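With the hints as extra help, turn the sequences into a complete structure.
Number of protein chains: 2
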Amino acid sequence: MTNAYDEMWKRLDLDLTAHEGLLTVLGKFYNDIYLDQNGRPRGMEYLDFVISEIHGLRIQEITKAKSAGKKVFGTFCVFVPEEIILAADAIAIGLCSGAEVGSEHAERYLPRNTCALIKSFLGFRLARLCPFTNSCDLIIGETTCDGKKKAYEIFNDFMPIYIMEVPNTKSPAAKELFRYEVERFKDKVEQVTGNRITEDRLFAAIRLVNRRRRVLNRLNAIRAAEPAPISGRDALLINQVAFYDDPERFTENIERLCDELEERVGRHEGVAPEGTKRVLISGCPMAVPNWKLPYIIEGSGAVIVGEESCVGQRNTRDLVDEDVRDMGDMLDAITDRYMDINCAVFTPNEPRLRDIEQMARTLKADGVIHYALQFCQPYAIESVKIEQGLKRAGIPLLRLETGYSMEDIEPLKTRVEAFLEII
Amino acid sequence: MTNAYDEMWKRLDLDLTAHEGLLTVLGKFYNDIYLDQNGRPRGMEYLDFVISEIHGLRIQEITKAKSAGKKVFGTFCVFVPEEIILAADAIAIGLCSGAEVGSEHAERYLPRNTCALIKSFLGFRLARLCPFTNSCDLIIGETTCDGKKKAYEIFNDFMPIYIMEVPNTKSPAAKELFRYEVERFKDKVEQVTGNRITEDRLFAAIRLVNRRRRVLNRLNAIRAAEPAPISGRDALLINQVAFYDDPERFTENIERLCDELEERVGRHEGVAPEGTKRVLISGCPMAVPNWKLPYIIEGSGAVIVGEESCVGQRNTRDLVDEDVRDMGDMLDAITDRYMDINCAVFTPNEPRLRDIEQMARTLKADGVIHYALQFCQPYAIESVKIEQGLKRAGIPLLRLETGYSMEDIEPLKTRVEAFLEII
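Chain order of the listed sequences is A and B. The numbers in the working numbering rise by one with no breaks, and the one at position 246 of the first sequence is 246. The numbers in the working numbering rise by one with no breaks, and the one at position 272 of the second sequence is 1272.
These aren't lab readings, by the way, just hints derived from the structure by calculation. You can trust all of the hints, since none of them are fake.
Cut-off 27 Å, straight-line C-alpha distance, at most; resulting in silico cross-link-like pairs (DSSO-like, lysine-lysine): (1) K175(A) / K1170(B); (2) K175(A) / K1188(B); (3) K1188(B) / K1064(B); (4) K364(A) / K413(A); (5) K170(A) / K1188(B); (6) K188(A) / K1175(B).
Treat the numbers as computed from the prediction; the structure is a model and nothing was measured.
As structure tokens, then:
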């Protein structure tokens, strides 16, 4: 691959040989899953470019910014308020956790029956394959699920980690706890960056992140059109890249893509013929390059029209209130916005069922496929109530539990195809 | 079995046929594991009696108390402050969760890869086999691990449940959250019982529960003697029965047992010859009748000298401060005491390592066997750090992960025997 970056990757302590192997596999994978699609919007070229340079140009940008004194914060969860990082003139990035990489390393420290996403982030670090992780000045973990909460303790032996507490309920006291965590995080970011987060800077950061959320919401709304103007794979990719790319540039490019999609909708043009079965995905996040299930679903002749997921609607729907300018009020607004996320780690979490129902109706989905990472207890257990609730609402649901391995592709395909036949 | 209780069990909506089968199996099981031991203390007769009547006389007592207007609160976790329940003149009991019962029912609602304890409590309820669960006016759940937190949502469709939030860290804000939860719980118990919790009543309850803790700590301390005056199985049973029995009667009986054990120690008399390998158990709780691992360990020729477990030291070590009498101060003292429990759901949880080290030294253990229920992420993941830490301290550790099924008895035996040979 691009040897031009070898020096940079070496300085980031990557395992060059293994990394080249990874990029080769990913390139082939991307080719099969993405580039072979028919009728893709022209605007996806930007995403193709970003992905082709995700460990190259983007890391070069980050490296340059670091030389100029910027700090880099890595995260694995939509509960970490990016606004605060950006307000301190620092860079926020999502970290590698979407591929079965370095499992043999990770399983030296984590039980085999740990979810693939968690094994992956430790595996990427131990196998020295993620230039994002290795560029971080600090990684921000959170206490969402048991698996991550405890795995961060181990990860901490290999990378500096700071933990934000996310509570288990949304009681007033729990919200107060998170408000305290938001403030504590602000102090930490100021300390690491050496930059004071002023009211003006925080306000600008809130508006910037909201802008990115708005364009992603615009994209999601366009997908209600029939025929679907964009594949679910492509929409997922956009949501994934949102965690890596420069927020301003990303937003501009997705605005242009949305213009194109709206023109398509005006022409009744789609990526799949009218009448194609429409599926809503709901459940665990899919980090790059976890495209397994969308590939199976769309490869079975359906089109995915929405993602009730942290890499999807849960990351974009709610905006931080822009009507306040005082520091305390803005931190309150941030707290409120993040505590509105309906993640399965909360109990009770009934509003998530309403979210799924509403998305299914708005996006005219014929059915919902619930995706739980194997060994992800919050989503796997919650899916039972989701199934019961959707049944009452007359919306068919298929519950799947899988990891990153390709070994179960065939049985998954069979189940998806059977589901598509009955919806 | 005792048909005398059939009417009572019927009124409690038990499945009489299946329940009779369960008691028969448990009786046989108890006979093999407990009654066949050599050199048991005489005081264990009380425990044998309690166990033989655990679904009989004790339920009769509870039923009578209920007819007289008392309320019954059931729990699955040592984070629920029993003091508050007792102060409202109500009954607090631990609920059935230690046997592979009703799994086929439970697995209709819970993923197969859910820990055995959680499947068990739902299974007991759905198979109508636990007279304790069915006697409850309210079950108090908590947000300790993901599995329980989410399973309570399902359990709630079959029993009234109230959830207490246990935080994920021990930060000042997290302690404040738990303080709020303690107060909210007090209000709830007052509302359910109709009894006001006065300062005097709460103080009396604090002293009563502390008294029970003290006698269990006394028992644990006696086990430091060589040869061990009591088997680990019997000590575990005592810790288990502490969750079911009337606290005053239990305390008196265990005091007498401790007197007997001290006499034994004076005579250098033990349940196993001097030089027997001494093992400390550490990890997940073992609810009645989960005696599988102790049976394997002691059946392999070792003696268990301590339990770093919620059914063991984590439930007894710390007392609530008895030096305060004001309501607010007592609720603070309760908060402090419970937030001192070093459960693996907290991050970080380093003090647990120190607890294990200290127990291993005090109890003169030759090694530690770490017990994680299969799919219990907090304990399974934490065990890696525990292993590393004990290695540094020169204390050998064997990590085991198992459920309630008897299918893995042979491989477990092999591993335990190999471990006992090297320590």
